[in-house]
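Asker: This is what each chain is made of:
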Amino acid sequence: MTEPPTTDAAPRDDFPADATAALVQRARAGDVAAFNQLVLQHQDAAYSLALRFLGSPPAAEDVTQEAFIRAYRGIAKFEGERFRAWLLSIVANAARDELRRQRRRPQRSLDAARDDPDQPALDPPDSGPSPETSALTGELRGQLEAALRELPEDWRMVVLLSDVHGLAYDEIAAATGVPVGTVKSRLSRARGRLRDLLRGVREPAGLPGRLEDRR
Amino acid sequence: MRWWIARRTHDAAQPEEADATDLLLSAYLDDDLAPAERDAFERRLSDDARLRSDLAGLREVVASLGNLEELRAPRAFTIAAEDARPPRGFSRLELGVRVGALAAAAAFVLAVGVDLQRGGSNERTAGDTVAVRSAAESTSSEYSAPAAPAAGGGNSAGVATAPERSLTPPTDTAAPASAPAVVPTTFVTQPTAAAATTTPASSAQRQQDQPSTPTPSPIASRTPGGANSTSTTTSALQGAAAPTTTPAVAAAASVTSAAAPALAPVLTATATPTPPRPTPTPTPPAPPKADAATPAAVQGSGSGSTQVAPALPADSITSTPVAEERVAAPSIAPSTGSLGAGIGTDSPSGRVIVPAPAANDDWGQAAVRVSVTSHEGIDSVRASEFGLGALALGLGGLTGWFWYLRRREAAANV
Chain A
21 MTEPPTTDAA PRDDFPADAT AALVQRARAG DVAAFNQLVL QHQDAAYSLA
71 LRFLGSPPAA EDVTQEAFIR AYRGIAKFEG ERFRAWLLSI VANAARDELR
121 RQRRRPQRSL DAARDDPDQP ALDPPDSGPS PETSALTGEL RGQLEAALRE
171 LPEDWRMVVL LSDVHGLAYD EIAAATGVPV GTVKSRLSRA RGRLRDLLRG
221 VREPAGLPGR LEDRR
Chain B
434 MRWWIARRTH DAAQPEEADA TDLLLSAYLD DDLAPAERDA FERRLSDDAR
484 LRSDLAGLRE VVASLGNLEE LRAPRAFTIA AEDARPPRGF SRLELGVRVG
534 ALAAAAAFVL AVGVDLQRGG SNERTAGDTV AVRSAAESTS SEYSAPAAPA
584 AGGGNSAGVA TAPERSLTPP TDTAAPASAP AVVPTTFVTQ PTAAAATTTP
634 ASSAQRQQDQ PSTPTPSPIA SRTPGGANST STTTSALQGA AAPTTTPAVA
684 AAASVTSAAA PALAPVLTAT ATPTPPRPTP TPTPPAPPKA DAATPAAVQG
734 SGSGSTQVAP ALPADSITST PVAEERVAAP SIAPSTGSLG AGIGTDSPSG
784 RVIVPAPAAN DDWGQAAVRV SVTSHEGIDS VRASEFGLGA LALGLGGLTG
834 WFWYLRRREA AANV
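So the sequence lines, in the order shown, correspond to chains A and B. Take 21 as the starting number for the first sequence in the working numbering and just add one per residue. Take 434 as the starting number for the second sequence in the working numbering and just add one per residue.
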């Protein structure tokens, strides 16, 4: 039995390479308008990566804006060909910085806010359906989004960059600051964990997934 | 127990095996296997239904992730030119750290430079004021000056030098029986021409207030004597009587003794033989009697630091502690004359100053000042130098850390 290895995670960089390169050149020369065209081209991808990694729309907005500012300040040093991968690596760094910042900051208790009548009602970020709830709805996307949030942060970032945004191993390694071997290891573990999570959702009372076998 | 160990081993091995399989499956999906590895893996796939199931699940995950649509950004993230301009200058904290580092470094260099300009030693220059206490007040001192082993080489003023000694405070041991006879430190405040600035009135009044009975100095009594120190002081006193001594140099003859720790009390003892002719200083009215058989001894307060002066008439020794006086340190500039070379050996902890008499003084007017000056001030100066140095290093390290963070941030941005 021979199954050709296939991946459906195609790169989302649908913009013409020549047009992007021209905009990059103008942006490197200090043309803010040209850079803003690049922003408009790639802001959805940048925001998606930030939101899926952080899980919080306000934080994702901040991170995306911060990433574009960083990108403009550092575009003079950009010499690669894949602007999208370079931009997403900046988003990844900004998102990880934001996550570290959130950990350092004392978090406000939702229960305390709920008990305080003077405080406005908090609008917690949509954490999405739990795997069990997703199983009931049967929506693959929701299951996958929920399973992504169950992953460790390092694994989540790698699998997002690889399978969602289509970055190569070396690009992920450059973006995350880890060796390529670590990228491969994290990617395989993340995929295996997602498979087990999804399998557990789909077969809650049936055959246990491999994750349950391991524990 | 064996069952527990076996179970733990089994549980630990399972994830590793599963991870290895997933790593192989993931690499196969990404076409990251070498041809030989891929062939071997495909043969294994054909035989293992569980492996095929795992591969199918993994392929579904990867395909599903690839089909996730991009989320639409809630707003445009375009930037303005002024917002994108990199921040100029430093943050307040960074600027403060840099300025502080520069100031600390400048202060450190200044302090070291001043110290080096002073000769890099513990010398005090003329005009410095040293606190003086009487030997009687320093009886509680546990510290002592070491012996001056040899006379100041060839110095006619007899300036004795002492080698550096251990700073360890000596134990309170009694003087050996064989030690030279020790005269109680019978001192009189004798403001000589250049050595002391004690006011005569206060000195005389103090002498009247003090009991006339000589009090053996506990420091001296616990100080073992030594031949070297004896000869040293003798030489010093003889040199002090040299008629060629100039007034300027008279106060310059000093014996610097190693030793007393930094916190040793300041001790100044002046033994003045009975002056044969009047001096500007009022002579104490009732000099105490001393043992005639005992030579006048000037004790450096310390083990082995006995400095015995030549035998003097017993009635020529007066004693008055010079309590809480502040006297101007004698000039010890080496260039002041032939005796100027008699600067004592530099000591990290103290020195004994034996000023020579004025030129017109004879031996009887020789005032021997034994001064163990505290280096508390000097130590504090050096402590401040080290403190400034440490501060400079710390601030420099912070500056370097800021620099590293900026570089790292710049690298991460690109």
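Treat the hints loosely; a few may be bogus.
Okay, the calculated bits of chain A under chain B, using three or more residues with CB under 8 Å as the criterion [as the list claims (entries may be wrong)]:
| no. | stretch |
| --- | --- |
| 1 | 55-66 |
| 2 | 81-90 |
| 3 | 204-210 |
Keep in mind that the hints were calculated from the coordinates and are not lab data. Ideal placement from N, C-alpha and C gives every residue a C-beta, glycine not left out.
Asker: Against this structure, judge whether each hint is valid.
Answerer: These are the hints, each one checked on the structure:
1. 55-66: Contact hint for the stretch 55-66 of chain A vs chain B: holds, 8 residues under 8 Å.
2. 81-90: With 6 residues close enough to chain B, the hint holds.
3. 204-210: Since three or more residues must qualify, the claim that chain B covers the stretch 204-210 of chain A holds, with 5 doing so at under 8 Å.
Going through the hint list in order, the structure satisfies each hint without exception.
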